[in-house]
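Use the sequences and the hints to build the structure in full.
Just so you know, the protein sequences line up as chains A and B, in that order.
Using my numbering, the final residue of the first sequence is 242, and nothing's skipped along the way.
Using my numbering, the final residue of the second sequence is 225, and nothing's skipped along the way.
Incorrect hints may have been included.
Here are some, though not all, of the chain B residues that point toward chain A, as calculated from beta-carbon distances under 7 Å [claimed, not checked]: (1) K13; (2) C82; (3) E84; (4) G85; (5) L87.
No lab work stands behind these hints, which were simulated from the structure alone.
The C-beta atom is built at its ideal place from N, Cα and C for all residues, glycine as well.
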Amino acid sequence: MDAAPALGISLRGVTKAFGAQVALDHVDLEIPQGSFLAVMGANGAGKTTLLKTIAGLAVPTAGSVRIAGVEMREAGPRLRALIGVVSHETMLYADLTAAENLRFHARLFGLRHPREAVERAGERLGITPVLDRPVRALSRGTRQRVALARALLHDPAILLLDEPFTGLDEAAAASLTELLEELATPERTLVVTLHDVVRAMAGPRRLVVLSAGRIALDTPIDTGSEAIAETYLGLLREEARR
Amino acid sequence: MSWLGPALAIAGKDLRLETKTRDVVASVGLFVLLVVVTASFAFPTAGAGREGVAAGVLWMAFLFAALLGMGRSMAIEKEDACLEGLLVSPAPREAVFLGKLLTNLGFTFAVEVVILPLFIVLLQLRPGGGLGLLVLDALLGTLGLVTVGTLFAAMAVNTRGREAILPLLVMPVSVPVMVAAVKVAEAGFAGGMGEGTLSWLLLMVGYDALFLLVALATFHHVTEE
Chain A
1 MDAAPALGIS
11 LRGVTKAFGA
21 QVALDHVDLE
31 IPQGSFLAVM
41 GANGAGKTTL
51 LKTIAGLAVP
61 TAGSVRIAGV
71 EMREAGPRLR
81 ALIGVVSHET
91 MLYADLTAAE
101 NLRFHARLFG
111 LRHPREAVER
121 AGERLGITPV
131 LDRPVRALSR
141 GTRQRVALAR
151 ALLHDPAILL
161 LDEPFTGLDE
171 AAAASLTELL
181 EELATPERTL
191 VVTLHDVVRA
201 MAGPRRLVVL
211 SAGRIALDTP
221 IDTGSEAIAE
231 TYLGLLREEA
241 RR
Chain B
1 MSWLGPALAI
11 AGKDLRLETK
21 TRDVVASVGL
31 FVLLVVVTAS
41 FAFPTAGAGR
51 EGVAAGVLWM
61 AFLFAALLGM
71 GRSMAIEKED
81 ACLEGLLVSP
91 APREAVFLGK
101 LLTNLGFTFA
111 VEVVILPLFI
121 VLLQLRPGGG
131 LGLLVLDALL
141 GTLGLVTVGT
151 LFAAMAVNTR
161 GREAILPLLV
171 MPVSVPVMVA
181 AVKVAEAGFA
191 GGMGEGTLSW
201 LLLMVGYDAL
211 FLLVALATFH
221 HVTEE
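Written as structure tokens, this is what we have:
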């Protein structure tokens, strides 16, 4: 069965403008299934918009975003059920407990056994002891784990993470890095936006750098990580000068 | 995926949230109670035209209660990007709208169930056989108001002054259903169906059906960037 390549993400000439401000400018990007892609760039470079466009939350002003060959604009529930999204906001209701939040999302995703799915996700993310606590009472790192559990409840084939390291301490960040490496299987596609070039070198296998909504660098991350880091910092300096 | 499951999940989640925070019940309930008590002191206990004025005050109270509740229920979705969490799920957008509609209807009806009898008692109204008509009026009028309000609350939630913008959006569009609801309430307070009451009821049915269809057809566009 050759289902694997069918779940690739394809962006062709994607432009997204908010009024006069162009967030994405004719972006062409092919992300085959099984990719672990880091997207970097300065603030306002278009990273979040790129992820939102792939997730179907933002509609391109021009161009097309396709997943498994299907235009995201026309994506039905089946296609959306393949995607998990972690934003730098948690998408969790602060006054509900972690378990209540997760059970709610399990129902939204039509999972047959929400309680069991929540228990499994709790064990996987190491949040079982805090499941009955309100999200409001959890630390930033634990909230982020609950947010990841929410995004992983339905075992998505595509996981989109928008600056998931924001606000995490070193221990929580290291733990998240390990988890992402564990999640990066040949069946699953990971796209993660980052600020920290060191983190981009620890896990992701490909780096795309956005600058003013355009792709300024698209390179595999292998042995030449120092050269890539230097190129990236050079791009940032150049952008700051502009 | 059907609409009903996710819609009920969203409404159930909102009910659970409300039982924990009591945000909507506390703010809306107190406001409407204040309106009714104030009206009971200001209104004459006898005289012609009392039913018409009472109907107007009642529906103004219902309108502001609905606006407060709807604004709050959508603001909850804005915090921590929860609305995006709903939109990235496989739940159809129409189901998300219906879920929020059920929530808003539930909160508004809950307030009305308490306020309507209190209003009748405090203003010494004698609807008699018109009680059933008042209930039907509340059902149809609230459905219209809340349908329009839920759609506009989703529009306003991403704006800076959403609390101020929601009434500005809802009030002009809700004029037909408000007028009809007041007319039917007036007949209800006067004891039952009067001349033209059936036409007002049919207007509300038509308004509700039209805006329910419009909201279901446009919610997708309202929530996308």
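Hint check results:
1. K13: holds (5 Å)
2. C82: Holds. Min distance 6 Å.
3. E84: holds (6 Å)
4. G85: Where the cut-off is 7 Å and the nearest Cβ of chain A is about 3 Å from G85 of chain B, the hint holds.
5. L87: holds (6 Å)
The structure shown violates none of the earlier numbered hints.
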